[in-house]
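J.: Each chain, written out:
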Amino acid sequence: MSDFSSLVDLERCTVSPRVFTDQDVYDAELTNIFTRTWNMVGHESQIPEPNDYLTTFIGADPVLLTRDANGKLRAFLNSCRHRGMRVCRRDHGNTKLFSCPYHGWSYDTSGKLRGVPQLDNAYHNDLDRDEWGLIEIPKVESFRGLVFANFDPDCESLIDYLGDMAWYLDIVLNRSKNGLIAFPGCHRWRLSGNWKLAAEQFSGDNYHAGALHRSMVEIGLGPKGDYRGNSPWIRDFEVKCGNGHGWINFDAEGAEPAASQAAFFEQIRREAQQTLSPAQADLILTVHVGTVFPNMSIISFLGFTSVRIWHPRGPKEMHVQSYGLVERDAPQDVRDITRKAMGLTFSPSGIFEQDDGVAWGDIATVQGGPIRSQYPFNYQMGHGHGKTMDDKPGLIHPPSTEIGVFGLYEKWHEMMS
Amino acid sequence: MARDDELVNIELRHEFENVLIEEYWLLDNSQFEDWLDLLANDVRYWAPVRENLTRGEEDFTRADLLTHFDEDKVTMGLRVARLGTGFAHAEEPPSRTRHFISNIRILDATDVNAVKVGSNFIVFRSRPGHEEHLFVGTRRDTWVRQTKAWRLQERLIIFDHDIIENITVFV
Numbered sequence: 000m001s002d003f004s005s006l007v008d009l010e011r012c013t014v015s016p017r018v019f020t021d022q023d024v025y026d027a028e029l030t031n032i033f034t035r036t037w038n039m040v041g042h043e044s045q046i047p048e049p050n051d052y053l054t055t056f057i058g059a060d061p062v063l064l065t066r067d068a069n070g071k072l073r074a075f076l077n078s079c080r081h082r083g084m085r086v087c088r089r090d091h092g093n094t095k096l097f098s099c100p101y102h103g104w105s106y107d108t109s110g111k112l113r114g115v116p117q118l119d120n121a122y123h124n125d126l127d128r129d130e131w132g133l134i135e136i137p138k139v140e141s142f143r144g145l146v147f148a149n150f151d152p153d154c155e156s157l158i159d160y161l162g163d164m165a166w167y168l169d170i171v172l173n174r175s176k177n178g179l180i181a182f183p184g185c186h187r188w189r190l191s192g193n194w195k196l197a198a199e200q201f202s203g204d205n206y207h208a209g210a211l212h213r214s215m216v217e218i219g220l221g222p223k224g225d226y227r228g229n230s231p232w233i234r235d236f237e238v239k240c241g242n243g244h245g246w247i248n249f250d251a252e253g254a255e256p257a258a259s260q261a262a263f264f265e266q267i268r269r270e271a272q273q274t275l276s277p278a279q280a281d282l283i284l285t286v287h288v289g290t291v292f293p294n295m296s297i298i299s300f301l302g303f304t305s306v307r308i309w310h311p312r313g314p315k316e317m318h319v320q321s322y323g324l325v326e327r328d329a330p331q332d333v334r335d336i337t338r339k340a341m342g343l344t345f346s347p348s349g350i351f352e353q354d355d356g357v358a359w360g361d362i363a364t365v366q367g368g369p370i371r372s373q374y375p376f377n378y379q380m381g382h383g384h385g386k387t388m389d390d391k392p393g394l395i396h397p398p399s400t401e402i403g404v405f406g407l408y409e410k411w412h413e414m415m416s
Numbered sequence: 000m001a002r003d004d005e006l007v008n009i010e011l012r013h014e015f016e017n018v019l020i021e022e023y024w025l026l027d028n029s030q031f032e033d034w035l036d037l038l039a040n041d042v043r044y045w046a047p048v049r050e051n052l053t054r055g056e057e058d059f060t061r062a063d064l065l066t067h068f069d070e071d072k073v074t075m076g077l078r079v080a081r082l083g084t085g086f087a088h089a090e091e092p093p094s095r096t097r098h099f100i101s102n103i104r105i106l107d108a109t110d111v112n113a114v115k116v117g118s119n120f121i122v123f124r125s126r127p128g129h130e131e132h133l134f135v136g137t138r139r140d141t142w143v144r145q146t147k148a149w150r151l152q153e154r155l156i157i158f159d160h161d162i163i164e165n166i167t168v169f170v
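Order-wise, the sequence lines are chains L and F. Here the first sequence stands for residues 0 to 416, where the numbers follow numbering that gives the first Met the number 0. Here the second sequence stands for residues 0 to 170, where the numbers follow numbering that gives the first Met the number 0.
Treat the hints with care, since some could be wrong.
Said to hold, decoys possible - Ranges of calculated distance between the beta carbons of each label pair, as one might list FRET restraints: (1) Gln266(L) with Ser101(F): 43 to 51 Å; (2) Pro127(F) with Gln22(L): 22 to 30 Å; (3) Pro116(L) with Glu14(F): 52 to 60 Å; (4) Val7(F) with His207(L): 49 to 57 Å; (5) Pro49(L) with Thr53(F): 15 to 23 Å; (6) Gln379(L) with Arg95(F): 37 to 45 Å; (7) Phe264(L) with Gly83(F): 26 to 34 Å; (8) Gln266(L) with Arg95(F): 45 to 53 Å; (9) Arg11(L) with Asp41(F): 53 to 61 Å.
No lab work stands behind these hints, which were simulated from the structure alone. Heads up, the beta-carbon is just placed ideally off N, CA and C, and yes, glycines get one too.
Could you put the whole structure together from the sequences, leaning on the hints where they help?
T.: Written out as structure tokens, the structure is:
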């Protein structure tokens, strides 16, 4: 196995452009990172009933997430053991059997190989069906409804993996008594650019907003001011959470919510007093952005919550899969406002998100040349200036800082060495 | 269909072919403010996400299904205003776009002042560098007659993409 540790300079806080362009780096990531980390594969509310399923990916591997006949969440490679075709080519549904379209091997929702055409005359009944079930991902655990899977049977628990990040995720995912559920459907779009450029931005890059999203400032919808915010350290801060995770929090002055949404927010505020600590409850319904290493990100404001996976598709391409979450108890008009706000801002057509894709794509297009590759990218902003605080976990600094962003590459360095 | 109805249909189809061509002419020439004027004040401009399901199961009217667009005149105005700032980097320098329309069909003209019109579209987008994309799909419009001009009251856009490009264009 190659050692890519020299591509990240932990002392100088720099990262080689090769990290974002080289095929050998990418190939190693698929093994070193994606087979050894907890990866989000869905939300429990998407598969509530026995034999419900959905399909997704972890890294380059196709994944089938099921709730088996006994109601247990399980994850498998969505690939027939005979020739490897996906046994399920639908996004989601309910079935007792997944029948491979190619030769008809069929598996139940617990992964067991049930049917093999011509088992008698072709295989002479000499096939051990227990040996040829779907390849099961050994670890599946949930956090507040989000389902994660890990290929490493000896991995730490999900809650230990999330570490300090769990405290911050709870500000969104546990702010209401009955929690969040997923909207039907998901946004899926292709972007040029390395998956880490997206993951790092959500892990702690507030710095880009004034320049890249200037059009939003110009029309009065972008964050104003100097980016330290109105309450630095208190509600305006960024966090290096450890384990490669990062969080951004800020208290943006925004448009007044509609009356029905404002009333619902008041209900959530009351519920959060019961479900969260006072320090967490003080932060709810501000702007939250974060990344769970390696490639799951969350953005939550205006009442909507998008959780997304930046699926790697080669060193210079990604597919984004974004689910929308909303309170299970939200009335219809609040659900409508929430869904529309997400589409308007953070989606393939989102008036913030459109511009992010262009930045990542441009970087992909122009990097890879022999000269530029010799000069590393600068991640030094705020290095050494983060501090620990009594009221919230992690290493904290008000915007702008890159301590969270570089934390992702410290974890990357550890896993790629 | 009675012969009179057929004639009305032919006339309407011809009329809306002109309306839709004029609309796309505005978009291809970056006359976004003028295009915005074609939208009725109570417009709904929406595009549900697509799903890969068993034949017949996909339902665009499914409650709460995520949408690429679900806009009113205010949010469409924001999208247009953003393009005029000079800092909408996804469209700066602007894409070269070419909008094509075909298969125009009068779906319902029972109310001659609120006509439902179907059409297919292809939008070509060329961005700086060799980045070229197509957006393909179909639309179901409702056009209402207001002060002698047609205004778009509803547009349901059905994109024919599973994994779509980022949508910086109007269709």
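J.: Are the hints correct? Go through all of them and say.
T.: Okay, the hints, checked on the actual structure:
1. Gln266(L) with Ser101(F): 43 to 51 Å: Holds: the Cβ-Cβ distance is about 49 Å, inside 43 to 51 Å.
2. Pro127(F) with Gln22(L): 22 to 30 Å: With a Cβ separation near 25 Å, Pro127(F) and Gln22(L) satisfy 22 to 30 Å, so the hint holds.
3. Pro116(L) with Glu14(F): 52 to 60 Å: 58 Å, holds
4. Val7(F) with His207(L): 49 to 57 Å: 55 Å, holds
5. Pro49(L) with Thr53(F): 15 to 23 Å: 19 Å, holds
6. Gln379(L) with Arg95(F): 37 to 45 Å: Holds - the Cβ-Cβ distance for Gln379(L) and Arg95(F), about 39 Å, lies within 37 to 45 Å.
7. Phe264(L) with Gly83(F): 26 to 34 Å: Since Phe264(L) and Gly83(F) have Cβ atoms about 32 Å apart, the given range 26 to 34 Å holds.
8. Gln266(L) with Arg95(F): 45 to 53 Å: With Cβ atoms ~49 Å apart, the hint holds.
9. Arg11(L) with Asp41(F): 53 to 61 Å: Once the Cβ atoms are compared, 58 Å apart, the range 53 to 61 Å for Asp41(F) and Arg11(L) holds.
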